[in-house]
Amino acid sequence: MTMKRNGTPSANGTGVGLTMTLDGEKVAFTRGETVYEVAERHRSEIPTLCYDPRLESFGGCRLCVVEVEGARNPVASCTTEAQPGMRVRTRTAALETQRRILMEMVASENRDLDVDPMHGYASQEMAELLDRYDARTGRFRGATSGTSRPDDDNPFIGRDYENCISCYRCVRVCAEQEGDYAISIMNRGFHTQITTEFGGLLKDSACTFCGQCIQTCPTGALGDLKALANKDVPGETEKTRTICTYCGVGCSVDVMTRGDRIVGILPAMDGPANEGALCVKGQFAFDFVGHPDRLDTPYVRDEKDGPLRPSTWDEALDFAAGRLRKVVEGHGRRSVYGIASGRAPHEAAYMMQRFIRAGLGTNHIDNCSRA
Amino acid sequence: MATPTDQDLIERWQDEPAPLLPLLHAFQERDGYLSEEAMRAVGRGLRIPIADLFGTVTFYHHFAREPAGLERPRVCDGPVCQMRGTEVLTASLRAAGHDPSPMPCPGRCDQPVPVITGSEVLTGRTAGTLVSGPSPLPPFPPDGTEECVFAGIRRPGRATLEGYRHHGSYDALEQAVTGMTPGDVIDVIDASGLVGKGGAGFPAGRKWRAVAEAPGTPKTIVCNADEGEPGCFKDRVLMDHDPHALIEGMALAAYATGAVRGFIYLRYEYPDTAGILERAIREAEGAGLLGDGILGTDFRFDLCVRRGAGAYICGEETSLLNSLEGKHPFPRNRPPFPVTHGYENLPTVVNNVETLASAPPILLHGADWYQGLGLGDHAGTKVISLSGDIRRPGNYEVPVGLPLAKLLHDWAGGVPDGRTVQAVTMAGLSGGFLAGRDLEVTLDEPSIRPRGSFLGAGGIMVFDDSRDMVAVTRQSMEFFAHESCGKCFPCRIGTQRLVERLDGGGPGSVDAWVDEVADLNEVMKKTSACGLGQAAPLLTESLIRYFPDRIRAYLEKGA
Ligand SMILES: Cc1cc2nc3c(=O)[nH]c(=O)nc-3n(C[C@H](O)[C@H](O)[C@H](O)COP(=O)(O)O)c2cc1C
Ligand code: SF4
Ligand code: SF4
Ligand code: SF4
Ligand code: FES
Ligand code: FES
Chain C
1 MTMKRNGTPS ANGTGVGLTM TLDGEKVAFT RGETVYEVAE RHRSEIPTLC
51 YDPRLESFGG CRLCVVEVEG ARNPVASCTT EAQPGMRVRT RTAALETQRR
101 ILMEMVASEN RDLDVDPMHG YASQEMAELL DRYDARTGRF RGATSGTSRP
151 DDDNPFIGRD YENCISCYRC VRVCAEQEGD YAISIMNRGF HTQITTEFGG
201 LLKDSACTFC GQCIQTCPTG ALGDLKALAN KDVPGETEKT RTICTYCGVG
251 CSVDVMTRGD RIVGILPAMD GPANEGALCV KGQFAFDFVG HPDRLDTPYV
301 RDEKDGPLRP STWDEALDFA AGRLRKVVEG HGRRSVYGIA SGRAPHEAAY
351 MMQRFIRAGL GTNHIDNCSR A
Chain P
1 MATPTDQDLI ERWQDEPAPL LPLLHAFQER DGYLSEEAMR AVGRGLRIPI
51 ADLFGTVTFY HHFAREPAGL ERPRVCDGPV CQMRGTEVLT ASLRAAGHDP
101 SPMPCPGRCD QPVPVITGSE VLTGRTAGTL VSGPSPLPPF PPDGTEECVF
151 AGIRRPGRAT LEGYRHHGSY DALEQAVTGM TPGDVIDVID ASGLVGKGGA
201 GFPAGRKWRA VAEAPGTPKT IVCNADEGEP GCFKDRVLMD HDPHALIEGM
251 ALAAYATGAV RGFIYLRYEY PDTAGILERA IREAEGAGLL GDGILGTDFR
301 FDLCVRRGAG AYICGEETSL LNSLEGKHPF PRNRPPFPVT HGYENLPTVV
351 NNVETLASAP PILLHGADWY QGLGLGDHAG TKVISLSGDI RRPGNYEVPV
401 GLPLAKLLHD WAGGVPDGRT VQAVTMAGLS GGFLAGRDLE VTLDEPSIRP
451 RGSFLGAGGI MVFDDSRDMV AVTRQSMEFF AHESCGKCFP CRIGTQRLVE
501 RLDGGGPGSV DAWVDEVADL NEVMKKTSAC GLGQAAPLLT ESLIRYFPDR
551 IRAYLEKGA
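As they're listed, the protein sequences go chains C and P.
Per the working numbering, residue 1 is the first one in the first sequence, and the count goes up by one each step.
Per the working numbering, residue 1 is the first one in the second sequence, and the count goes up by one each step.
Next up, chain C with everything else stripped away, as it sits in the complex (with noise of 0.2 angstroms):
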């Protein structure tokens, strides 16, 4: 479409000066921001469900509206440029009414209005914005639409369309973000239907279950299968920023934790390297950390093929110590090369390298997780 990614302020200057009326006060805004970055800035709280500003304004929710002077109808602010001299009213009365009854009528296409936040990190937002417009009447009730796929038995992503509201975030993010073009829309007006070619599933499909769709998705439509799987795990979820260890390029990520439990990751939306993208192992490939058949104990294998014995950490450092002297002695300090593991923390890896420049002196150090 034609308009450009959001909010792009204008590189050359040509934006310094420009003002506009928001809600009776003069506010200042730079050429390429839409009405709603600039109402946004100014803590308006604007409703939407079709926004998503890492992707193209779209226009579909129609919950962002404004009353623009001069203009017939409200204009959604998403898409609308400002304009200098415009003035804006973010929060009429009608306005106000025009957004409870959207919000009734989307309420009234869904087959549940509330569902667990481990589906994801919007997941809330509609439920949100149902309780901030007292939209939970039972009005305009009718036919839901969406039809689920429990079929799709893929071990990632819940596909249950039944909560669907034809936002089309997942198409897009999925389109603008990955580049994938997994998804897309099947149908028209009240049969739309979210799609992978031929309605096949999403393994057959370019999918590479990255989960952006998942994360964005305002419903819990999509769902994330691996962190519901933990939904009844007791406590508290707590959130702990990190780095994706899986690869080089540095994700930010939010680990859910229960107890000493990783039940989940979310994307950082403002993560510097990744903007709320993740692939299939950061998103996904948190359950080795706590998984049964991971190490306890240090193990020692006496002699090449034997079997490995529980250890100590003590028996079990001092031994791989011996073992490698033994090689640089036989074989100069150039026969050790050290790659460190991606699922390590970072820490150690920097220790790892640590070890193999300054106590090996060689610089024959790697890391898995090229990328």
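Treat the hints with care, as some may be off.
[Unchecked claim] Chain P stretches covered by chain C per the calculated footprint, using a threshold of three residues with CB under 8 angstroms from any CB of chain C: (1) 222 to 235; (2) 482 to 490.
[What the hints assert, rightly or not] Reference excerpt, derived from the structure (chain C facing chain P, CB under 8 angstroms, subset only): (3) Ser57; (4) Arg62; (5) Met105; (6) Val106; (7) Glu109; (8) Ser166; (9) Thr195; (10) Thr196; (11) Thr242; (12) Tyr246; (13) Val249; (14) Gly306.
If you are wondering where the hints come from, they were derived from the structure by calculation, not from laboratory data.
A virtual CB, placed ideally from N, CA and C, is assigned to each residue, including glycine.
Once you've looked at the hints, dock chain P with the ligands against the given chain C.
For chain P with the ligands alone, kept in the frame of chain C given last:
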């Protein structure tokens, strides 16, 4: 001729402008439907991600995805045909061993009931009496009425270049390219007061000037021949009987704006028209009236026809542009408008058939002449497609400002069988109903708009006093629900909820029913992203306004 291979078809189209729709049609015509393999081949050939292509194909009503789908008869279930025998014809087709499915109005309301099978449109009342035939010519207006676009249309042979030239035409183009600057041409169109005839009524001269002045080349002229509005069939008769008038009008628009390429975006339901236009374009090219070096000057303009595939929304100009470009045909957000960001994001004129066909006579006879064709302060003429309960249905070119009653009774013979007019639709279905005292309007926007309706593209369906207006409203709302593109919430959900409320659903008490319907109307009108969702609630709004007692009776019957 051997059946073309996938590769043949792809090579035929891949380097043409706007190739997706013609390529899909070529596969559908070869195979009788669009198979998965065909779509995969098209996706590879045109480098379109296959999920996107699949989604886009499902958008169009007339792309069949089951074998033999192209042959399957599709029967009009528009409001006029429902009064004229959709049910009987469907039953009779079924009895004859066919498996008919409904389709929205294909623009034959003057000849109910149309059926499309394969690439053919037939009309009739029963399976055994279906015929194909040319579009009926417009009935003659009362003596002394001067016409603009219909002035030459009844002349024999008019559809051929020879017949058209015989009456001195293409003179306007010649006059323009040899003796006028592009600015002069725009000035004449501007001064004439010609406004868009496709619905919105935007001044044509201003649109042309905006494109002429917009930076960016190549520029494009798009003729909107989608005519998807139920009850509208005026563009069909213009193109069928006077194709050169449209071509000349487009060439004039191109000359005026500096455009070098043009498309006629023709609705799927007019296959015969496609052939007529193709032939006329070849004739004009052969005579040096299109292509390189037009009329010996260095003016160049290439024109081609692109057929839609069954989607009313593709008549909305930005949806049309997306459709031409092979994208999912949701309307675009505006601004920016097509005059600066149109086809391939470059300056583009999108004009209706009637608008473009008006340009040559205006240029020949002058701006004042056209101005003077209207009554009172109104400029020019408007073609009205009249259908339903009326003695002489058809297309009438009326002076703007003519009283509706005059058109119905004096021009078209009034309502048959001694009945009276209960209601008429305006703008096809998009203007909702006028009834009661509001039938006293004159045919111009200043008279009609204050009544909560609009003249738009000029389709008027007449319903006599025996018709069940709640049922008519339901059939009409089903059209909008069927055609809602699904981009925006108010229209996608609202059209569905209104249909349900007209079909036994929703609250049973009159107050609660009216309350819900009025809220839906208001939100759709105010917040929908395009004209479809803004116009659809005019039906229910006018139903509540004129027929509250019918609503009560309908709800009481339900309870
Ligand atoms: C839902 C919808 C359907 C439309 N269908 C048509 C159509 O079939 N033909 C047409 O000329 N204009 C149609 N229009 C109007 C076009 O958007 C546009 O205004 C018109 O083509 C401009 O040409 P004009 O200025 O010559 O009328 C439609 C508009 C809407 C909102
Ligand atoms: S998981 Fe990623 S690739 Fe797959 S559909 Fe969602 S966004 Fe597209
Ligand atoms: S699945 Fe979610 S993100 Fe996708 S369209 Fe439906 S509600 Fe929007
Ligand atoms: S108003 Fe209807 S047709 Fe227009 S964009 Fe919205 S959903 Fe699509
Ligand atoms: S946020 Fe603007 S229309 Fe949805
Ligand atoms: S052709 Fe059937 S209603 Fe128009």
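To see whether the hints hold, each was checked on the structure:
1. 222 to 235: violated (count 0)
2. 482 to 490: Three-residue rule met by the stretch 482 to 490 of chain P, so holds; n is 9.
3. Ser57: The hint holds - serine 57 (chain C) has a Cβ within 8 angstroms of chain P, the shortest such distance being about 7 angstroms.
4. Arg62: holds (4 angstroms)
5. Met105: holds (5 angstroms)
6. Val106: holds (6 angstroms)
7. Glu109: holds (6 angstroms)
8. Ser166: Holds. Min distance 6 angstroms.
9. Thr195: holds (7 angstroms)
10. Thr196: Cβ of threonine 196 (chain C) sits 6 angstroms from chain P, so the hint holds.
11. Thr242: violated (34 angstroms)
12. Tyr246: Hint on tyrosine 246 (chain C): violated, closest Cβ of chain P at ~27 angstroms, above 8 angstroms.
13. Val249: violated (24 angstroms)
14. Gly306: This interface hint is violated because 52 angstroms lies over the 8 angstroms limit.
The structure does not agree with the numbered hints 1, 11, 12, 13, 14 stated previously, though it agrees with the rest.
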